[in-house]
Amino acid sequence: MRFGPLLTANLFRKKTRFVLTIGSFAVALFLFGFLAAVRGAFSQGVEVAGADRLVVINRTAIIQPLPLSYRDRILRIPGVKEVTHDNWFGGVYQDERNFFPQFVIDVEHQRKVYPELAVPEDQWQAFVKDRQGAVVGAATAKRFGWKVGDRIPIRGVIYPGAWEFNLDGIYHGTRKQDDESQLWFQWDYLEEKRPAFTKGLAGWYTVKIDSPDNALRIAKAIDNEFDNSSYETHTDTESNFAAGWVKQFGNIQFLILTIGSVVFFTLLLVTGNTMAIAVRERTGELAVLKAVGYSDRFVLAFVMTESLVIALIGGLLGLGLAKAFELLLTVVKTPINTVLPFFYIPTTALLTGVATALAIGIVSGFLPAVGAMRLRVVDALRRV
Amino acid sequence: MVRVDGQSNSPSLIQVRDLDKKYQRGSEEIHVLQGLNLDVAKGEFVAFMGPSGSGKTTLLNLLGGLDVPSKGTVTVDGDEITHMSRSKLTEWRARHVGFVFQMYNLIPVLTAFQNVELPLLLTKLSKSERRQHVETALHVVGLSDRMHHYPRQLSGGQEQRVTIARAIVSDPTFLLCDEPTGDLDRKSADEIMELILQLVRQHGKTVLMVTHDPVVAQRADTTLYLEKGALVGTGAPEAFSYGGAR
Chain A
1 MRFGPLLTAN
11 LFRKKTRFVL
21 TIGSFAVALF
31 LFGFLAAVRG
41 AFSQGVEVAG
51 ADRLVVINRT
61 AIIQPLPLSY
71 RDRILRIPGV
81 KEVTHDNWFG
91 GVYQDERNFF
101 PQFVIDVEHQ
111 RKVYPELAVP
121 EDQWQAFVKD
131 RQGAVVGAAT
141 AKRFGWKVGD
151 RIPIRGVIYP
161 GAWEFNLDGI
171 YHGTRKQDDE
181 SQLWFQWDYL
191 EEKRPAFTKG
201 LAGWYTVKID
211 SPDNALRIAK
221 AIDNEFDNSS
231 YETHTDTESN
241 FAAGWVKQFG
251 NIQFLILTIG
261 SVVFFTLLLV
271 TGNTMAIAVR
281 ERTGELAVLK
291 AVGYSDRFVL
301 AFVMTESLVI
311 ALIGGLLGLG
321 LAKAFELLLT
331 VVKTPINTVL
341 PFFYIPTTAL
351 LTGVATALAI
361 GIVSGFLPAV
371 GAMRLRVVDA
381 LRRV
Chain B
1 MVRVDGQSNS
11 PSLIQVRDLD
21 KKYQRGSEEI
31 HVLQGLNLDV
41 AKGEFVAFMG
51 PSGSGKTTLL
61 NLLGGLDVPS
71 KGTVTVDGDE
81 ITHMSRSKLT
91 EWRARHVGFV
101 FQMYNLIPVL
111 TAFQNVELPL
121 LLTKLSKSER
131 RQHVETALHV
141 VGLSDRMHHY
151 PRQLSGGQEQ
161 RVTIARAIVS
171 DPTFLLCDEP
181 TGDLDRKSAD
191 EIMELILQLV
201 RQHGKTVLMV
211 THDPVVAQRA
221 DTTLYLEKGA
231 LVGTGAPEAF
241 SYGGAR
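So the protein sequences, as listed, match chains A and B.
If you read the first sequence in our numbering, its first letter stands for residue 1, the second for the next number, and so on.
If you read the second sequence in our numbering, its first letter stands for residue 1, the second for the next number, and so on.
Be careful, since some hints might not be right.
Said to hold, decoys possible - 30 Å max Cα-Cα, derived BS3-like pairs, lysine-lysine:
1. B/K124 with B/K42
2. A/K129 with A/K147
3. A/K220 with A/K81
4. A/K81 with A/K142
5. A/K14 with B/K127
6. B/K127 with A/K15
Hints are computed from structural coordinates only; laboratory data are not their basis.
Extracted from the complex, chain B is given alone in its bound form (with noise of 0.2 Å):
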C-alpha cells in the first residue's frame, strides 16, 4: 500500500523521506522537490503525474540512483542509497533498477537483441546464458521475431518494447518509467501498458511511472499528484487536476 505520510510502520521496498532537492541556476536556486514522503511496497504499481515542472522526473532520477538529493532519503530494499559513492551507485543501478524512457534511447547500431544484452555484458553470465535470458526478455514483450532487427527497422511501440526487455532482462528490483508511452499513438500506448500491467500482475514486478495521460494512469493501482515539488493528492486520475484536488 503506498503511502506519501512517512508513518508506514510495515516494511516496504521503497522508502523516501524527507527528499529535498534543489538546483542552482544562476543565482536563483529552484527548489524541484520539498520534503516528499513515500512508501512503495513490492509488487506495486504507483504513477506520478502533474504538470511540467512539478519534480516527477526529478523524483524518478533520484528514485533510479541517476541523481542525489540536496537532503532526506531514499532506501530500496534495506539499501540507502542517498549516501553511495558514484561507481556504487552505478552498480547498484545495474543489480536493481530498470529504466524506461520516454524516447526509448535504444543504440541505434545494435540490434534489438544486442541492446537487450547490454545489461547482461557486465554480469558474469556465459554467452549461451545471456542468449538465453535475451530471448526469454523478447518473448515476454513479443518480439522474439525482431529480435535481428535494428531500431530503424522498428515501429515506436517495437522500440519500446525492446526497451521494457531491456529494462527487466537483469530481472531488477523495480522499473522507472518516465512516460514509457508519451510518443505513441493510443494503439501502441494501450499495448505498452498491458504490457507493464502483465509484468507487474504476473511477474510480481514494482513499477513506477510518469505519466502526463490521465488514461494511461488509471491503469495504476495508485496515482500520485505532485505539485511544485510536493506530493498534494493520491487517488484515482479523475478526482484529479493540474492545480490541486477537487
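In isolation and in its complexed conformation, chain A is listed as follows (with noise of 0.2 Å):
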C-alpha cells in the first residue's frame, strides 16, 4: 500500500475534526443499528410464522373465546394436517417488569404444529406426565436462571390466584430468529383451576395445513364453517396475523423509515461539507501533486477514498457499538428486555448499515473530489 501513509497523514491532519466526522457516522449507525433492532422485535412474530400455518381467531376480537369443540370441525376440513389450541395466561413471576409470554398449550399437537421450537424427548416426557409441568425458553430459562427440576411460582393476572409450576423442560428454537422466551404449560392444569364458565373454550387455534399454496381457500373454508354460529371465526396466516397485531403499535416501520431517513440526510450534509473543507484547504497541496505527475483520475479516487475509509470506520464504529448494546441487554436487565424480548440486530441490517454509511461516503465525497480532480494546477497555485 504505497499510498497508504499518504492517506493516513491526511486523515489525521485535523484530528478533531476527523474524530467528529467519524463520531457523526458512528452515531447514525448506531441509530441505524438500535432502529433494525426494534423493527425486528416488533415484526419477530412475522418473521417466525410458519407459511403452513394458519391462526383462527374469534372474529369479534381475539380476546374472545372460541369452543374447544371446533378442534373436530377445523380437523375434517381438506388440506388440514393438524390442529392444536392454546391460550395467553398473562401471570406474573414476581414483578411485573419480568414480563414473558406464557401460554397454555394442547401438549399432545404442540410439537406437531411447532417443530421448529425443539424440547430434549425425556424433557418432554417427563413435561406430559406432569400436569403441573412447564417447558420455557431457552431465553427466559438463561434471562432467571432457570434449571430444569425448578419451581417457578407465577401470579395469575386473567386468572387470579398462585400458581406454581415445575419446570420439566427447556425448549431451543431451531432457527435464529425463534422466540425462545415462551412458558407453556398444561391444558389440563389450566381447566382445573379455572372458573367453570371458561371452561371447555381456548383462546385461539394454530392450524398446520398442506401447502401454503392453499392457505387462502382453507382459511375461507374454516370461516364458512362456522357462520352464523355464536363464535364465528376470523382465520389469517400465521404471518398476517403477527403483522396486524404489529399494527396495533402503529405504523413502525414508517417510524423506523422516516427517523433514519432524516439522520442519513443530516448526515450526508454534514460529511459532505466537511470533505468540501478539507479539499478546499488543501487546494495548494492537490495542486502540487498533480504538478508532480499525479494525474486527474489518482487524485479523484483519493479524495474518494479519504471518504469512504471515514464512512467505513464510523458506519463499523456505530454498528460496532449498537451489536455491544445488543449484547449488554443479554447481561444487564432494562426495560427494553421487557417491551422488546427478541433485541437484537440481524446480519442484513449489519450489512445494510456498511452498506448505507459506504453509499454516504461516495455521495458526500463525489462533488469535492470531482472538484479536485478538476483543479487546474496553474489556478490553485495562484490562489495559494
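Both chains are sitting in their own frames, so use the hints and assemble them into the complex.
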C-alpha cells in the first residue's frame, strides 16, 4: 500500500475534525442498528411465522374465546393436517417488569404444529406426565437462571391466584429468529383451576395445512364452517396475524424509515461539508501533487477513498457499538428486555448499515472529489 | 547557448516557437505572452526577470506543461508538449520536470522523506529503491539529518531544500524554479543558489528560473528579460532595468 502513509497522514491532519466526522457516522449507524433491532423485535412474529400455518381467532376479537369442540370440525376440512389450541395466561413472575409470554398449550399436538421449537425427548416426556409441569424457552431460562427441576411461582392476573409450576424442560428454537421466551404449561392444569364458565374454551387455534398455496382456500373454508354460529371465526395466515398484531402499535416501519432518512440526510450534509472544507484547504497541496505527476483520476480516487475510509470506520464503529449494546442487554436487565424481548440486530441490517455508510461516503465525497479532479494546477497555485 | 530569435539550427533541449498566451477576463482579453521564441541547450541555467505581470510565471507554467498556450509550440527533448492531452501531459511532467516553488508547497503532514518520496510513488521502484533515491536526493541538498522532520520543524531555507530534493529525486530532464529564493533571507537565498548551481555544474541539470532578485539572477548563465509578454533583452542583470534595455 504505497499510498497508505499519504492517505493516513491526510485523514489525521485535523484530528478533532476527523474524530467528529467519524463520530457523526458512528452515532447515525448506532441509531440505525438500534432501530433495526427495534423493527426486528416488533416484527419478530412475522419472521417466525410458518408459511404453512393458519391462526383461527374469534371474529369479534382475539380476547374472545372459541369452543374446544371446533377442533374436530376444523380437522375435517380438506387440506388441514394438524390443529392445536392455545390460551394466553398472562401471569406475573415476581414483578411485572419480568414480563414473558405464558401459554396454556395442547400438549398432544403442540410439537406437531411447532416442530421448530425443540424440546429434548426425555424432558418432554417428563412434562407430559406432570400436570403442573412447564417448559420454557432457553432465553427466559437464562434470563432468570432457571434449571430443569426448579419450581416457578406465578401470580395469575387473568386467572387470579397463585400458580406453581415444575420446570420439566427447556426448548430451543432451531432458527435464529425463533422465539425462546415463552413458557408453556398443560391445558389440564388450567381447566382444573379456572372458573367453570370459562371451561371448554380456547383462546385460538393454530392450524397446520398441507401447502401454503392452499392457505386462502382453507382459511375461507374454516370461516364458512362457523358462519352464523355463536362463535364466528376469523382465519388468517400466521404471518398476517403477526403483522396485524404489530400494526396495533402504530406504523413502526414508517416511523423507523422516517427517523432513519432524516438522520442519514443530515449525515450526508455534515460529511459533504466536511469533505468540501478538507479539499478546499488542501487546494495547494493537491495542485502540487498534480504538478509532480499525479493524474486527475488519482486525485479523484484519493479524495473518494478518504471519504470512504471515514464512512467505513465511522459506520463499523457505530454498528459495533449497537451490537455491543445488544449483547449488553443479554446480561443487564433493562426495560428494553421487557418491552422487546427479541432485541437483536439481524445480519442483513448490519450489512445494510455498512452499505449505507459507504453509499453516504461515496455521495458526500463525490462533489469535492470531482472539484479536486478538475482543479487546474495553475489556478490552484495562484490562489496559494 | 540560449537564443531568443527562433533561428537556432543546433538541436536544443527546449525549443519554444511563436508562443502566445491570452486570458479572457470578462470582456477583456489579456495578452500575457506574444510570439515568444526561445532555445535552451542541455545543462544551461537561465534566469527570467521582468516586472510583475510580464509573463514570467506564465512562461514557466507553459514550459512545465502546467498550462497550454493559445498559440505556438513548446518542444522538450524532441517531445512537442503543446498538443498533448491532459493525462499525457501529467505523465510527461512526472518524467521530465522538477518544480521548485517560491512558497515551497510541501505537504505539512508528511515528513521531509515522505515529501521527497511523493514523485517516486508513481514509479515502479521498490520500497528499498525509493528509499535509496530519496536518501541520495536529501544528501545532495544537505538534509540527510532532517529527513524525518516535518516541514514545520524546518527553517524556510531547509524547506526549500526539501522542495529541491523533491524536484530532483526522479532525475527530471530540467528544473523549473519559480522565485526559489523569494521567501528567504539573503543568507538562505545564497545557500539555495549555491545548491542550484551545484545541480547545474556538477550534475548537468538544466534549470530555468524566475526571479525578481538581480543578485540571484547574476548566478545564472543567461538572464532573459520579459516585458509585456515579450522577451526584450538578454545579458547580465546589471545591464538591464525593468522598463527596457539601457
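### Task
Of all the hints given earlier, name the ones this structure violates by number, lowest first.
Failing hint: just 4.
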